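Novice: Chains A and B, in that order, are what the protein sequence lines are. With our numbering applied, the first sequence has no gaps in its numbers, which climb one by one up to 310 at the end. With our numbering applied, the second sequence has no gaps in its numbers, which climb one by one up to 1300 at the end.
Bear in mind the hints are in silico, worked out from the structure with no lab data behind them. Certain hints may be false.
[Claimed, not checked] Lysine-lysine pairs mimicking DSSO-like chemistry, simulated, CA-CA at most 30 angstroms apart: (1) A:70 with A:50; (2) B:1260 with A:172; (3) A:85 with A:70; (4) A:7 with A:70; (5) A:52 with A:85; (6) B:1260 with A:100; (7) A:74 with A:84; (8) A:212 with A:128; (9) A:85 with A:217; (10) A:128 with B:1202; (11) A:74 with A:85; (12) A:305 with B:1031; (13) B:1260 with A:128; (14) A:84 with A:70; (15) A:74 with A:50.
[Unchecked claim] Restraint ranges, calculated between C-beta atoms of paired labels, are given here: (16) B:1186 with A:128: 31 to 37 angstroms; (17) A:268 with B:1200: 28 to 34 angstroms; (18) A:13 with B:1162: 34 to 40 angstroms.
This one's a predicted model, so the numbers in the text were calculated from it and none came from an experiment. Backbone N, C-alpha and C fix where the C-beta goes; we use that ideal spot for every residue, glycine too.
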Amino acid sequence: MHRYIAKRLLMLIPVLICVSFVIFFIMDLAPGDPALIIAGDQATDEMIEKVKEDYGFNDPLLVRYANYMKGLVKGDLGTSYVSKKDVWATYCQRFPATAKLSVAAIVVSLVLSLTLGVYSAVNQNTWKDNVSVVLALLGLSMPQFWLGLLLIIAFALNLGWFPSGGDTGTWKCLVLPAITIGTNNAALMTRTTRSSMLDVIRQDYLCTARAKGVSEKRVINHHALRNALIPIITIAGVQFAYILGGAVLVETVFAWPGVGRLIVDSINMRDIPMVTGCVVITTMIVCVVQLLVDILYAYVDPRIKAQYTK
Amino acid sequence: MTNNTATSGNLLVSKKYAKRSRVAEIWRNLKKNKGAIIGLIIMVFLVVIAFAAPLFLDYERDIISQNVPERLQSPSLQHLFGTDHVGRDIFARVIWGARYSLPIGVVAVIVAVILGVTMGTVAGYYGGMIENVLMRFGDIFASIPHILLAIVVVSALGQSTINLMIAVGVTSTPAFIRVARAAVLTVRNQEYIESARAVGMKDWQIILQHIIPNALSPIVVQVTLRVGSAIISASSLCFLGLGIPAPAPEWGAMLSEGRKYIRDYSYMTLFPGLAIMITVLALNMLGDGLRDAMDPKMKK
């Protein structure tokens, strides 16, 4: 198990090198001169030239990338062109808001999808099943940002129950954005839960459990669901990692001060170190969460744990 | 069991059965699925609307020209979906929007299919080192969240319809690499591939003539489902202001405009979103139906 984890962590290194290079390369293609952004609108030609010299913009792409990587190895993600602040510090400042939103959203989607998915599988081919299948399909087809806008119209502007955006630190601010992301993710997770439950629901061991006199509720919740959990955890892990990396759209709709908006704002201002840094950290988060999910498998399913120890 | 075999034995000799092609069989299965048929009808309807729009609407006059005296009117018989902040008819703009969203979704997926299926097929067919390199490459792309990658690509290439298609296409590629590779792996070791090799066919001929046609079903299903998510991705980018430049009536861009007037004129945000949802819903229903029709074993 430890060897496996160590191996997976080592595999992160080539991934990060490739991702940072791809992003570095793509951002280099971007139109607009970063020297102009740093020097400001009123800068003279000499000032711009000096900035280019200082920041090494005149060097070839590979040299600049090598310099960037030298910094990255030491944990230095560079300095923002626009705010002149450290990229890592800015990211850390924005991350708690996104983390809070991610946890709330994944809770919403787990509750929704497990309830609907299990209910749907237990009542397969009845109208109850059809309703939840249609609900999941609707959720899957609805653009996230539109759902957010609809919730703002209904619950913030008309009913006035929740604020329409921003993060003032109360739980009320969290409700609408979390429901928006949660519902959208729940759609996919409901489908996974349903099909995964249908795979196990006709297995003989459920029959045995019933024959032993175990209550139906316990059969479904303990015997069936536990065996159906692996695909659900996989999907939930991927979804969680993606929100944690910055729910760009929902953070924009709800003016949420998280990482997603930081990235969009940085893109608009051509703040290359900020964008590259954020994407590199996000990718790292996605990979680490996926690793954690793989470790979690071992705890959910002892058979997988046995494989690791071999 | 014996009975079944006997029946199918009879059918096998019947000419009617012998003529039944794979496409006809899929269509027969698809017809039984109500959802898929509804999805198909909606899609045909949307495609017809997209093609026919220029016959009864004029881009300069009806879609982008401003008519300030009639601004911000609620839905009425004259303006079914109301008018926007510069007096443009939202109904006409939503209809014209199909001319953006549908082609963007389709072309983006074509880009993804060309890139992804090529890489996936080569990986699956050759295996070994080539497979490892290509699959890791796909994994790395897949570990960057789609929307972030699309934002970065679009901002690097600049805002235009073509670049939007490329950005969304690139982000959908990893899914096709995986599907194509998996599909190729299932047919790679079949006897007919071996015999093709034995008669001296070149690798690329075998891939084009034998491997891809036989591995097509999962790819087709993936295409239908991916067009829907490509449409959502593209409209998301437009919503963020990174897509097609104004005043083009792209649905996501219209939502972004409507958002400024959400407090008093919420109908502006209602209809473009509804259009996206109906389109993607139809594609998802059709895709689900196709998956069931092509692979009855998958049906739950």
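Novice: Does residue 70 of chain A sit within 30 angstroms of residue 7 of chain A, going by the straight-line distance between their CA atoms?
Specialist: Answer holds: residue 7 of chain A to residue 70 of chain A is near 23 angstroms, not above 30 angstroms.
Novice: So if I understand the rule, the pair passes when the alpha-carbon distance is 30 angstroms or less; does residue 1260 of chain B with residue 128 of chain A pass?
Specialist: 39 angstroms, violated
Novice: Straight-line Cα separation of residue 52 of chain A and residue 85 of chain A no greater than 30 angstroms?
Specialist: Given that 30 angstroms is the threshold and the Cα spacing comes to 19 angstroms, the pair holds.
Novice: Just to be careful, I want the Cα atoms of residue 74 of chain A and residue 85 of chain A compared with a cutoff of 30 angstroms; is the pair within it?
Specialist: Given pair residue 74 of chain A, residue 85 of chain A holds - Cα atoms ~17 angstroms apart, limit 30 angstroms.
Novice: Is the Cα-Cα distance between residue 305 of chain A and residue 1031 of chain B 30 angstroms or less?
Specialist: 45 angstroms, violated
Novice: Would you mind confirming whether the straight-line C-alpha gap from residue 70 of chain A to residue 50 of chain A stays at or under 30 angstroms?
Specialist: 23 angstroms, holds
Novice: Verify the proposed pairing of residue 74 of chain A with residue 50 of chain A, using a straight-line Cα cut of 30 angstroms.
Specialist: 26 angstroms, holds
Novice: Residue 128 of chain A and residue 1202 of chain B were given as a pair; does the straight-line alpha-carbon distance stay at or below 30 angstroms?
Specialist: Violated, at about 54 angstroms.
Novice: Holds or violated: residue 85 of chain A with residue 70 of chain A, Cα cutoff 30 angstroms?
Specialist: Distance ~19 angstroms between residue 85 of chain A and residue 70 of chain A Cα, so the pair holds.
Novice: Under the criterion that the straight-line Cα-Cα distance not exceed 30 angstroms, is the pair residue 1260 of chain B, residue 172 of chain A satisfied?
Specialist: 23 angstroms, holds
Novice: Given the hint that residue 84 of chain A pairs with residue 70 of chain A, does the C-alpha gap stay at or below 30 angstroms?
Specialist: It holds: about 20 angstroms lies between the C-alpha atoms, which stays within 30 angstroms.
Novice: Can the suggested window of 34 to 40 angstroms be confirmed for the beta-carbon pair residue 13 of chain A and residue 1162 of chain B?
Specialist: At 36 angstroms between Cβs, range holds.
Of the numbered hints given earlier, the model fails hints 9, 10, 12, 13 and 17; all others are met.
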